[in-house]
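Asks: So the protein lines, in turn, are chains A and B.
In this text, residue positions in the first sequence follow this note's numbering: the first is 1, and each later residue adds one.
In this text, residue positions in the second sequence follow this note's numbering: the first is 1, and each later residue adds one.
Read the hints as simulated data drawn from the structure, not as lab findings.
Note that CB positions come from ideal geometry on N, CA and C, so glycine has one too.
Honestly, I wouldn't trust all of these hints.
From the structure, some residues in chain B lie toward chain A, with a derived Cβ separation under 8 Å [what the hints assert, rightly or not]:
no., residue
1, 101
2, 125
3, 155
DEER-style ranges, computed between Cβ atoms [said to hold, decoys possible]:
no., chain 1, residue 1, chain 2, residue 2, range
4, B, 56, A, 59, 35 to 41 Å
5, B, 108, A, 48, 40 to 46 Å
6, B, 160, A, 267, 27 to 33 Å
7, A, 37, B, 120, 43 to 49 Å
8, A, 151, B, 160, 23 to 29 Å
Some chain B residues flagged as far from chain A (calculated, every beta-carbon gap over 12 Å) [to be verified]:
no., residue
9, 46
10, 61
11, 65
12, 84
13, 112
14, 122
15, 124
16, 128
17, 131
18, 145
19, 153
20, 173
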Amino acid sequence: MSHVEDYPGVVQCCPAAHGGPGSTGGPCRGQGMSAQPAIDAFGNDMATLQKDWGTLTPAARTARLQSLVDTQATNNNFPAPRITTPSDLGPGRNGELRFSGWQVAINPGLMNASTLSRQQAEQLGDTLYHETRHAEQWFLMARRDADAGLTAPQIQSQLSVPPRVAQAAVANPIPATDARRGCADAMYNSVYGTNAAARNATLGDLGTKGASLASANQALAQATAARDTLAATPGTTAQALAGANNLVNSTYATATAQYNSFQTTYAAYRALPEEADAWDAGTRAAAAVKSAFGPRGP
Amino acid sequence: MTRRPRRLATLCLASACVACQDAWPAPERFPKETSMTAPAHPVAFEAIAQRLLQSPPTASGLSQALGGPVVAPGDDVTLKLDAAPFTAVNISEFRGDVDLVFDLAPGPWVFRDVVAEPSTWSSGARLPHSGVLESTRTWTAPGRSITCVVRLEGEGPLATRAVTGQARCQVTAS
Chain A
1 MSHVEDYPGV VQCCPAAHGG PGSTGGPCRG QGMSAQPAID AFGNDMATLQ
51 KDWGTLTPAA RTARLQSLVD TQATNNNFPA PRITTPSDLG PGRNGELRFS
101 GWQVAINPGL MNASTLSRQQ AEQLGDTLYH ETRHAEQWFL MARRDADAGL
151 TAPQIQSQLS VPPRVAQAAV ANPIPATDAR RGCADAMYNS VYGTNAAARN
201 ATLGDLGTKG ASLASANQAL AQATAARDTL AATPGTTAQA LAGANNLVNS
251 TYATATAQYN SFQTTYAAYR ALPEEADAWD AGTRAAAAVK SAFGPRGP
Chain B
1 MTRRPRRLAT LCLASACVAC QDAWPAPERF PKETSMTAPA HPVAFEAIAQ
51 RLLQSPPTAS GLSQALGGPV VAPGDDVTLK LDAAPFTAVN ISEFRGDVDL
101 VFDLAPGPWV FRDVVAEPST WSSGARLPHS GVLESTRTWT APGRSITCVV
151 RLEGEGPLAT RAVTGQARCQ VTAS
């Protein structure tokens with residue numbers, strides 16, 4: 001997961017993107033990790049971890065996060081993903097479910113920081129809960145495949161999940177009558193079923209348009225700086241200043257167009273069933289962490 | 001008492017050699033010396049996977065297969081690889097599975113630089129949010145399987161897509 005603000009240059013322009021389409025959580029809300037008691041318990045544990053953070057080594061911090069994930073996995077009946085801190089998450093990305101290895105990758109920068117502020121704890125809690133929720137979703141899809149009669153090797157191949165995850169799904173298929181089947185169907189249709197091609201296109205566009213927006217914002221910043229330098233330079237002619245202003249205006253128009261295009265794709269991304277659900281759970285987890293801290297002292 | 005290896009271990013894989021210095025003694029995990037063996041051709045993932053498939057599916061077994069040390073339970077080890085495009089591998093165990101994370105030399109690399117047979121690898125759904133496509137291939141042998149993962153970005157034919165980040169394998173005992 002990363003936030004829209006993670007795209008360079010976007011931070012000033014679109015805080016309203018949070019809570020966008022699909023933020024109600026869809027057919028999975030209240031089930032499994034999305035149940036409020038599970039979220040509240042997680043919030044309490046994250047608040048405790050925040051207090052202990054400075055006394056822990058990075059390895060011990062990872063172990064504590066693993067323990068939080070293990071608790072959620074045990075209580076909600078899915079194989080626990082491994083917490084890893086790889087170096088290749090990419091700039092600005094806080095976390096990522098890598099379902100092929102059944103791993104939740106967390107930005108090592110977060111783990112190596114010697115202190116964790118309350119706000120950072122909320123952010124880390126959001127990320128960890130969001131990505132672990134994706135693991136729960138993927139396991140629901142594997143259980144759906146198991147109900148359809150797929151063997152463990154077939155599930156492993158189709159969903160690109162490890163053998164132990166496929167085997168656990170075969171041992172616990174999710175029948176059509178199960179209360180969570182609607183959620184499993186929605187996830188499956190989005191990721192592997194009828195909407196898979198549209199999902200892949202949306203995710204592909206998100207990266208492409210994010211990069212275009214970053215470039216446009218950079219061009220705007222450069223044009224603005226050049227114009228300001230000219231304006232502050234004695235002897236600058238009115239003609240030169242007008243030319244610089246024109247460049248600012250044209251780059252502003254380009255950046256605005258890129259922003260609008262990106263926002264459309266971002267809204268589509270947030271509306272993907274698996275993302276709407278994970279964003280909903282993660283946002284509520286962050287609120288639970290904040291609540292667990294209680295009111296700030298004087 | 002543990003035995004300290006005296007020589008650089010070298011593994012020959014298909015068209016090139018993987019040379020690894022033992023990581024002992026702790027805590028100097030990364031080797032101070034490097035092999036001067038310069039592979040004439042890049043080592044493909046398939047060759048490494050085949051080598052690993054012949055080894056005991058434990059962190060120690062796989063480490064030793066790559067010329068590394070015994071790995072204590074709960075510990076991990078990083079070995080230097082002189083086998084372009086791979087420069088190092090970290091080996092760790094998690095609840096019965098062994099994870100290997102390979103560092104790649106600065107690229108750019110495309111998929112066919114890293115694997116010998118792109119058409120035998122499969123790609124499923126993009127990862128959530130990042131849109132990264134992880135291409136995987138699984139090999140099995142009696143009592144174990146190994147799945148390797150290469151992260152790809154961009155569009156177009158799989159073979160020419162850019163490889164991003166690290167590559168990984170997971171070895172599972174069955």
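Asks: Compare the structure with each hint and give your call.
Replies: Against the structure, the hints:
no. : hint                      : in the structure
1   : 101                       : 7 Å, holds
2   : 125                       : 5 Å, holds
3   : 155                       : 7 Å, holds
4   : B/56 / A/59: 35 to 41 Å   : 25 Å, violated
5   : B/108 / A/48: 40 to 46 Å  : 44 Å, holds
6   : B/160 / A/267: 27 to 33 Å : 32 Å, holds
7   : A/37 / B/120: 43 to 49 Å  : 47 Å, holds
8   : A/151 / B/160: 23 to 29 Å : 34 Å, violated
9   : 46                        : 17 Å, holds
10  : 61                        : 18 Å, holds
11  : 65                        : 20 Å, holds
12  : 84                        : 18 Å, holds
13  : 112                       : 20 Å, holds
14  : 122                       : 7 Å, violated
15  : 124                       : 4 Å, violated
16  : 128                       : 5 Å, violated
17  : 131                       : 3 Å, violated
18  : 145                       : 6 Å, violated
19  : 153                       : 8 Å, violated
20  : 173                       : 10 Å, violated
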